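Colleague: Listed below are the residues making up each chain.
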Amino acid sequence: MSEKFIMVVDDDPDLVEAVSMKLESKQFRVAKAYDGEEAMEKLKGEKPDLVILDVMMPRKNGWVVCDEIKNNDATKNIVVVMLTAVGDAVQSTSYTHHDGKTTLADDYVPKPIDMDKLMEIVDDHLGA
Amino acid sequence: MTTNHDQEDLMQKPSRNPDAEGDTTVRGNVDEIFFQPRVMVIDDEERIRDACDRMLTEDGFEVACACNGEEGLQLIQEAHFDIILLDLMMAGLSGFEVLTRVKSLHPDTVIIVITGYATIEHSIEAMKKGAFDFLPKPFSPEDLRLVVRKAIEFIRTLQDISTEKSRMRVLINLLADGVLTTDNQKKVALANPAFLKMIGSTRTNVQGCPADEIVTDSALLEMIDQALGQPSGSFSEITEEIRISGDSQDKETILGATCIPFRDRLGRNLGTVTVLNDITTLKHLDQVKSDFVSMVAHEIKSPLNSVLMLLDNVKSGLAGEVNDKQAEILGRVTERIKSLTSLSSELLDLAKIESGLIHQEREEVDIAALMEEQADLYRPKAESRSIDLKVLPADGPVSAMGNRTNLCEVMANLISNAIRYTPEGGQIRISAGVEDNFAVFSVADTGFGIDAEEQERIFQRFYRVKTEQTRPISGTGLGLAIVKSIVEAHHGRIQVDSQPGQGSTFRVYLPRMQM
Chain R
1 MSEKFIMVVD DDPDLVEAVS MKLESKQFRV AKAYDGEEAM EKLKGEKPDL VILDVMMPRK
61 NGWVVCDEIK NNDATKNIVV VMLTAVGDAV QSTSYTHHDG KTTLADDYVP KPIDMDKLME
121 IVDDHLGA
Chain E
1 MTTNHDQEDL MQKPSRNPDA EGDTTVRGNV DEIFFQPRVM VIDDEERIRD ACDRMLTEDG
61 FEVACACNGE EGLQLIQEAH FDIILLDLMM AGLSGFEVLT RVKSLHPDTV IIVITGYATI
121 EHSIEAMKKG AFDFLPKPFS PEDLRLVVRK AIEFIRTLQD ISTEKSRMRV LINLLADGVL
181 TTDNQKKVAL ANPAFLKMIG STRTNVQGCP ADEIVTDSAL LEMIDQALGQ PSGSFSEITE
241 EIRISGDSQD KETILGATCI PFRDRLGRNL GTVTVLNDIT TLKHLDQVKS DFVSMVAHEI
301 KSPLNSVLML LDNVKSGLAG EVNDKQAEIL GRVTERIKSL TSLSSELLDL AKIESGLIHQ
361 EREEVDIAAL MEEQADLYRP KAESRSIDLK VLPADGPVSA MGNRTNLCEV MANLISNAIR
421 YTPEGGQIRI SAGVEDNFAV FSVADTGFGI DAEEQERIFQ RFYRVKTEQT RPISGTGLGL
481 AIVKSIVEAH HGRIQVDSQP GQGSTFRVYL PRMQM
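Heads up: the sequence lines are chains R and E, in that order. Position 114 of the first sequence, counting from 1, maps to 114 under the working numbering, and the rest follow consecutively. Position 58 of the second sequence, counting from 1, maps to 58 under the working numbering, and the rest follow consecutively.
It is worth saying that the hints were derived from the structure and are not from the lab. Be aware that a few hints might be false.
[Stated by the list, open to error] Which residues of chain E face chain R? A few of them, derived with a C-beta cut under 7 Å, are:
{"id": "1", "residue": "S302"}
{"id": "2", "residue": "N305"}
{"id": "3", "residue": "S306"}
{"id": "4", "residue": "L310"}
{"id": "5", "residue": "N313"}
{"id": "6", "residue": "V314"}
{"id": "7", "residue": "L318"}
Because the structure is a prediction, the values reported are computed rather than measured. Positions of the beta carbon are idealized from the N, C-alpha and C atoms, including for glycine.
Produce the complete structure using the sequences and hints provided.
Modeller: Set out below in structure tokens:
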């Protein structure tokens, strides 16, 4: 089986590290990005099979990144899994659930992340 | 029964002027009465005029006499009379004509008709024309006193009502809160200056005009409709937040509006009372606080959750093999961090609940039924610890005005505390009742009990009783603080009776609905 390639995008480096570590232990190849702009930049290179994408990030939030991925023929086949924490903590920011409903993400995982559940979702989408 | 009358009944009437008391007997000293009544006798018989004059003057009245209708009408143009004794059969203007004229000129003058031929027909006709009472000739001084006394009682009652009304009006006009009352046709009965200012109306005389002429906010009008639409069996306060926009965004006013129907003794809706409360500053501060708490919670929770994930990776050997001692330490670290994340969650809950308490929807809540519900929810947990949890039946209906969700939270907290702080095999008794103006519910356990010194501190945030027995019980120390916040926002109080080793009883007092 060829190694599947996953990009993890979150502004919390510890979260990126923890998720990457887990993915690598399951024989995935991992790329890391720490904000929306950086993710878009890296997506111009090798296309990942799946992106794990945080919502609340500086420099282009997750909803926007997701829309750009899904509206570009070069990247629209990439599976997008959104990490959402908006509902439980911050109600009054520009990241609202309403925006989320119109995005084209393939799946959502609430924060704090249940790692086993995230791995299950990744496996489901990548048919591993 | 008129609208006004019932409106008076709604408010508690202060006791009467003490000076006015003691005159319920027929013969009392008129000087004690707070006004000196002016009486006019209109009769063409001199004998009658003199007799009345003498007797009434003796009793302290100010008396004037007229020998016919024309003279009588002349006199009432010069001065106001409280009572007129009027002969029906006189030469010239008849008594009936005088009666009609007096009633149209001085509607609040009390007229007592005197006549030598007291027939039913005449009595009825005089009463229809507005006479207060009827004095048939011949009459004794005692008969006269009786009927005049009765008239004075009547005048005083009218004066009381009008004094009370004016007192109420001054009081309501002084309030910083906006007050609007309407009748059941949605016509304005009263709108105080604060109300008019809050809704941005510049009108001054609004009494009697339709509410939607002065109130433009649709939400506010809707509330009045809802209040009037409530069937007599149910009663709830309608509460909304209303935003009145000013010249610019900064000038937006946020009003807490509460609307209730008021009713007569048969439960029919007579009208509505709406109270507006300017909560702009509170809401603004609350927003600042809630943004801050959210930010802090987010900034604390997120990294802690990342740390937990990293720890999990290490524990599961992703970063190399872990020996037993290391695994044990990592386990303890994980538990500690988990309790910190749950603390930040509870802090968020507290902030949310407290901000929700500023202005919230209240309704009549059946306390006894709510108690049963909550007890059923917790029974399995109690049984798993062999604790006997029982709800004692209430004597009658127990209800209070409150927010259902909040009151559930209060009961759930007290019951779950009782279960956690009661050793296996113990008992918990839950009951509800009525004490004076309060609905009371209590949760009594046979648990560890609380020291007298500790009793005052258990309602403080983050305070936890630490004894040998309670050490293994986990908690954040916020539960009772949340309970207290809710109870106090309901204008109630909570108290605890406890003896170490004997158990504790928590009692919550909530004001009952006042009709």
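Colleague: State for each hint whether it applies.
Modeller: Comparing the hints with the structure gives:
Look at S302/E: its Cβ gets to within about 6 Å of chain R, closer than 7 Å, so that hint holds up. Annotation: N305/E was flagged as interfacial toward chain R, and the flag holds, the nearest CB pair being 4 Å apart, inside 7 Å. At its closest, the beta carbon of S306/E sits 4 Å from a beta carbon of chain R; the interface hint therefore holds under the 7 Å criterion. The restraint placing L310/E at the interface with chain R holds, with a minimum CB-CB distance near 5 Å, inside the 7 Å limit.
Taken as an interface hint, N313/E checks out: its beta carbon lies about 5 Å from the nearest beta carbon of chain R, inside 7 Å. Checking V314/E against chain R by beta carbon gives a least distance of about 9 Å; that is not within 7 Å, so the hint is violated. About 5 Å separates the beta-carbon of L318/E from the nearest beta-carbon of chain R, less than 7 Å, and the hint is met.
When held up to the earlier numbered hints, the structure conflicts with hint 6 and nothing else.
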